[in-house]
Each structure stands twice: as structure tokens, then as C-alpha cells.
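Protein chains in written order, with this note's numbering: chain E, 1 to 479; chain G, 1 to 249.
Please keep in mind that the hints were generated in silico from the structure rather than gathered at the bench.
Any given hint could be a false lead.
[What the hints assert, rightly or not] Computed beta-carbon distance windows for the label pairs:
hint	chain 1	residue 1	chain 2	residue 2	range
1	G	D167	E	V233	53 to 61 Å
2	G	D167	E	G326	35 to 43 Å
3	E	T413	G	E58	54 to 62 Å
[Said to hold, decoys possible] Stretch-level coverage of chain E by chain G, calculated; a stretch enters the list once three of its residues show a Cβ under 8 Å from a Cβ in chain G:
hint	region
4	46 to 55
5	90 to 104
Virtual Cβ for every residue (Gly too), placed ideally from N, Cα, C.
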Amino acid sequence: MRPTVVARYVGLILLIGAVGMMTSALVGWAMDGQAAATLAISAVLVACFGAFPMVFVPRVREMTPRESLATVALGWIAMSFAGTLPYLLYGAPFNFINALFESVSGFTTTGSSILVKIQVLPAGILFWRSMTHWIGGVGIIVLALAIFPSLSTVGHSLMRAEVSPVALGPKVARAREVARVVLFVYVGLTLLETIALVIAGLSAYDASTTAFGTIATGGFSVRDGSIAYYHSVAVEVIVIVFMILSGTNFALLYGLVITKGRPRGGTTTAFTYLSLLAIGTVAVTLDLQARLHIGWANALRYGAFQVTSIGTSSGFASADSSIWPGGSQAMLMLLALICASAGSTSGGIKVDRIVLFAKLVRARLYTLGHPEGIAPIRLEGRRIPEEAARDAMFFVVAYLAGVLVASLAVSLTGVSLVEAASGTIACMGNVGPGLGKVGSMGNYASLPDVAKLLLSGVMITGRLEIFPILLLASRRFWR
Amino acid sequence: MSLGKKLLLGFFIPVLMLLASGVWSWARFHHLSNRVQAMLVENDQSIQAAREMTVALERMDSAMLLRMMGETATADTLDRNAVAVFDSSLKVALNNITILSEPAILDTVQQYYGDFRTIEAALRDNRQLNAYQQQAMPAFLRTKHAIDRLRLVNHQEMYDQALKIADQAYRATLPGTILVIAAILFSLLFAWLLSAHTVKPLGKLLHAVKLWPSTGHYRQPDILTGDEIEELAESLELVERTFTGRERR
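Same shape as in the complex, but just chain E (with noise of 0.2 Å):
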């Protein structure tokens, strides 16, 4: 391991958020000015402490598996904390430890919050918050390999350690190569997005903080009451089809637009993971007038929007789902632990993993019932490896097994155990919302201060998929 390597590498990652608080500095300055100095500042700061150790170390060749791993994990820590430096320097409601928990949160695209009331914080502040969705949504690494070409030489290695592995699949193309497609369809998304929401009569201001939120499926608002400020069905519309389309691998969208309609794969996970969002919809809109009588449109209108937002983990909310029927808190639950699928910016277990999970269970049944019986798995056509449907049900079960531990470390701080469960389901999943205080018009403000600090732990343990932290913690990596 070279320790300074991993700093030259995790300072250039820096450096995007530096970019990150340069724009914010210019819109603010341009919005009301109020912010613009505290972020211009924050942004030199930070690009003080991301340019200098290019200065001593030169650039590598390539990096060992470890290095490329704690570059990652690392980066996504140095940029959480280099994140909280606008909100410090701007100071209240902003403790440090706040300060570090809507950092965290914003980066690992969470949305969860602990502002009381939004509005009153300054245009500036509140697009670098909407920034740090869009900058950690497509993935740190994905971005700096766009925009700094000396990183192509350890992209590759970069790139694995940060993408999905089921997103990755076994065989990778060129690094530079897949962020060059993600890219393409994350800004052309962004663009499509605020293009519509300003058409639907929102501001230019408002149309692409709420698209950064969207796409990256982050979930922060620039508006207390997040969407359901707007009263507007057409911009639910808009937000809800953004939405499922941010939660869908961004490789298929890639490959719909240039084979005009003919992908070469991935749509049974994109077919399972729309039926998961339809057989949700129509669950809960049931729910919802059969307990609440609210109307048929009036339920499928929140319905939809709710299962949408907490099945993609977008986090963006139009109506309290916490004062909900039972039936439909449980069912958006069940939607925050699955999220959508690998390759988009969603957390969560993901579809492909329950997909893979689901064949796994069905082949170990038939062996069970015919012990000589061989069930290869199928997907798609193509036979997968028992290993890779292996590392699924792996990550299935080590999910299960953190969420479990965070919530009862949560719930021992004091908090309430089904906002502790539900807190660390979306706090894991990268969701946003939970249930009671932490509900989707509620905020984490009243969570102790340590039970904050676990979450953003959990948050980026969700966003990095578990083992790259569960390395960088063990010694034996540091070895």
C-alpha cells in the first residue's frame, strides 16, 4: 500500500467538489448574493487541500486492488467532510455534527435531513446541497474519470472498486469508456428533466436543483414540504417518470437510445423492477382509499408518487406518508430495502441482486427435490455463475445483518425503534425518508447527535455496498 499514492488520487476526487462549490458560489452570488463568499471560500480551501499532494507525489501507472479500495472508501469520506466546510462556514442551524450528517446524506444521495425549515438558508448554500446529489449520484470516480484524463491510466481499477459489481458485470469495458455512457445519459436525464420541470412553471432555479435531486434519486428540495410545495400534478408527473427512469440501468437507457428500442440485455431486471413499482402503486392506492377514503385520484396520485420516490430511493416527498395506513407504510419499507436497479444511481439491495437471489432459491429447490439434478441459473438467456449468484445472496444477508446491527445500535441512543429501523432502512438504502419523525415531511434534527453520526456511518456503508468499508476497517487491509 502507498499511502501517499491513495492521497493523490483522494485529493484529485477533491477537486470536483472544490468545482462543485465554485458553481454553488456563482449561482448564489447571482440568486442573493448571501452565501457567495462563505462558498468561494470553502471552494479554495478545498482545492488547497486536493491540488497539493499532486505537487509532491507523481502520477502512477496503475494501483494495486487495496489502494484503488481505500482510494474509494477515502475519497467518499475526505469528500463528506470537505462537503461540510460551506455549511460550517455559513454556521447556524449548522453544528458539526449536522454539518457532516447533511454532507454524508448528500453525497450518498440519502436525502435525509436535518434542516427544520429550508427556505430560510440561502439560495447558494441550498443549490451546493442539491450539488453534492448530483456530484455523488453518478459516483465520484465516474466523474473525476470525465473530467481528468490522468486518471485513465487507474480507472479501471477505480471504477471497480466503486460501480456495483452486478453493474459491472463480468467483463468490463474501458473505464474512461463506461463513464463516458454514463455520463451521457446522466446529463442528458438532468438536462431533460430541468427542460420539462420549467415548462411545468417552475424557475430555472428550482427546475434543476429539483432535476439534481431526481436523477442523482437524492431526494433534497430547495422548497419546505419538498414536491408537495409546488401543488402542482404536473410537475408530480414529470418527477415520478425522471424518477423511474434515474432508478433504471443507465447501460439500458444507453443502449434504447442508440439501438432505437433494441438493448442487447438487461430488461428482465428492468421488467421486475417496473412490475415492483406497479404491483406497489396499485397496493397502496388500494390501501389508501380503502382506509383513508381520499379518493381513487387523489390515492393513486400520492400513491404512485410515494411508491416511486422511496422505490427508487429518491427520498422526494408529496403527501405524509408517516400518518399512512399500516399496509402502505409496510409495502414503501419493503420498497426502500429492494430500491431499483444496479447500474442507476439507486441504493438499496437492488432488483438484480433479488432477481439473482430469487434463481438461486429456485435452483437450490430443484436440487433439493432431484439431488443429481444439475440447475444451472439462467438470466436472460446467458448462463450466470453460481459465484455471482453467490456473492448476491452474500450481499443479501450482509444487508440484512447491517441494517439489523445499525438499527439496535440507533434504537440504544434513545430514538424510538421503529424510527431507528426505519431511519437505518433509509439511511442504508440511501432512501431518505423512514417512518414517525424521520417520515417523508419529517427531518432527523431531533435524532442525537450520536445516533446522526451512526447514520451518516450507515449511509456511506449503504452507498459504497458494504464490504469496501468493511475492508478499510479491518487491519489486516491496512497490512
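Add chain G to chain E, keeping to what the hints say.
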């Protein structure tokens, strides 16, 4: 980048951060002290004026009662002084309007005070307690309540301003602290990089030079610093080649 520039950058950036911390903190605290001063000037003066108006009004009321008891001379002196104090305090309050609702309150005070003085003038020769209770007393209480409102409004404003200043004071301490912490962290980073990429290569170079006489040849250490140390390591190899060439010749 040359070693000199690297070292200069490493020392210059933390110094700049500390400087920024100092300037930022000074600017914030200067702004805060101005705010506190403004708050005291704007709101405290009105509160003091309202207090003095209340005391003066009570003295005018006492003068009325003294006059009813037959102590006309004392009453006249007391009333004259009270009116002078009231008028000057009212002038202070009128010249110090800082709150949106203040002009309306002051208009009410002036109107009620005018009514009170009219009643007081009318009752100068009337020594019946009934007339005082029915006419002067309500006018006195109305004026007093209006002045109390003026005081309360300024109190509330002062409290709100104090809360804002407390929030600003918290904000004022943070940037300086953060910049100092950043400077310390940067110095640590610089020390670490200096140790790993300057001191360590120098050690390697020293080791190679020490081995040179015993082994008879210089083995260039693996140094990739991009500065004078790397150049020195390469130059030493050149020196060795030159010497070996001479010996062969």
C-alpha cells in the same frame, strides 16, 4: 516543480489560511460590535425615553392630586418639571424611530397625552375627587398604557436583535476556528508529504552514496520526485559513468 517552490507552497498556504482566519474573525467581530452598538443606540434610547415619560406622567398625576389637596405651589413646580421631562423624552423617542409600528404608537401617545393635558387644565380649579376619577384617571391610564406599548415594542425588538446577534456570534467564531484547524491539518499533510517524498528519497540517496565506495559502483535509487533530488540522483549516475569511463581509458 522545484523543491524550493514545493517548500514555499507548503509554508505559504497555511500562513495564508491563518491570515484569512484572522481577517475573517476581525471582520465578523467588528460587524458584531457595530450591531450591538446600533441596538443599544436604537432600542435602548427609546426604552429609556419611555421610562422617563412614564415617571413624568406619574408626577403630573401626583401634581393634580396635590393641587386638589391645596398644595398649589408644590403642584405647579412638580407639574412644570414633569412636563419638561416628558416633552424632552418624547422628542428623543420621536427622533429615534427604528421599528415599523413605532410611528403609530408615538402618534397614539401624543394624542392621549394631549387629551390628558386638556383634562388636567380643565380640572385645575375643580377640587372634586370624583371629577379626577372619572376624567383624569382614565386619560392618565390610557397614556401610560400607550407609553408601555412603546417600551414593550422596543424591548421585543431588542430581544429579537440580541437573538440574531447571538446567532451571528456563533457564526463569527466558526470560520476562524475552521480556518485554524484547516491550517493545522494542512501543515500535517505537508509534513507527511515532505517526509515521504523529500526526506525519504534523500535517505535513499545517502544510502546509495555510502555504498558507492565499498561496492565500487553507484546504484541509482528509485526516486521519482520530479525535483532537484531526482536530478541529483541522475547526476550522480552521470558522475559514476564519467569516472568509470576515465578509469577504463
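How the hints compare with the structure:
1. Remark: the range hint 53 to 61 Å for G:D167 to E:V233 is contradicted by a beta-carbon distance near 39 Å.
2. For G:D167 paired with E:G326, a C-beta distance near 41 Å keeps the hint of 35 to 43 Å intact.
3. In this structure the supplied range 54 to 62 Å holds for E:T413 paired with G:E58, their Cβ-Cβ distance being about 58 Å.
4. Here's how the region 46 to 55 of chain E fares: 5 of its residues keep a CB closer than 8 Å to some CB of chain G, so the rule of at least three is met and the hint holds.
5. With 3 residues carrying a beta carbon less than 8 Å from a beta carbon of chain G, the region 90 to 104 of chain E meets the three-residue requirement, and the given coverage holds.
Hint 1 alone, counting from the list given before, is not met by this structure.
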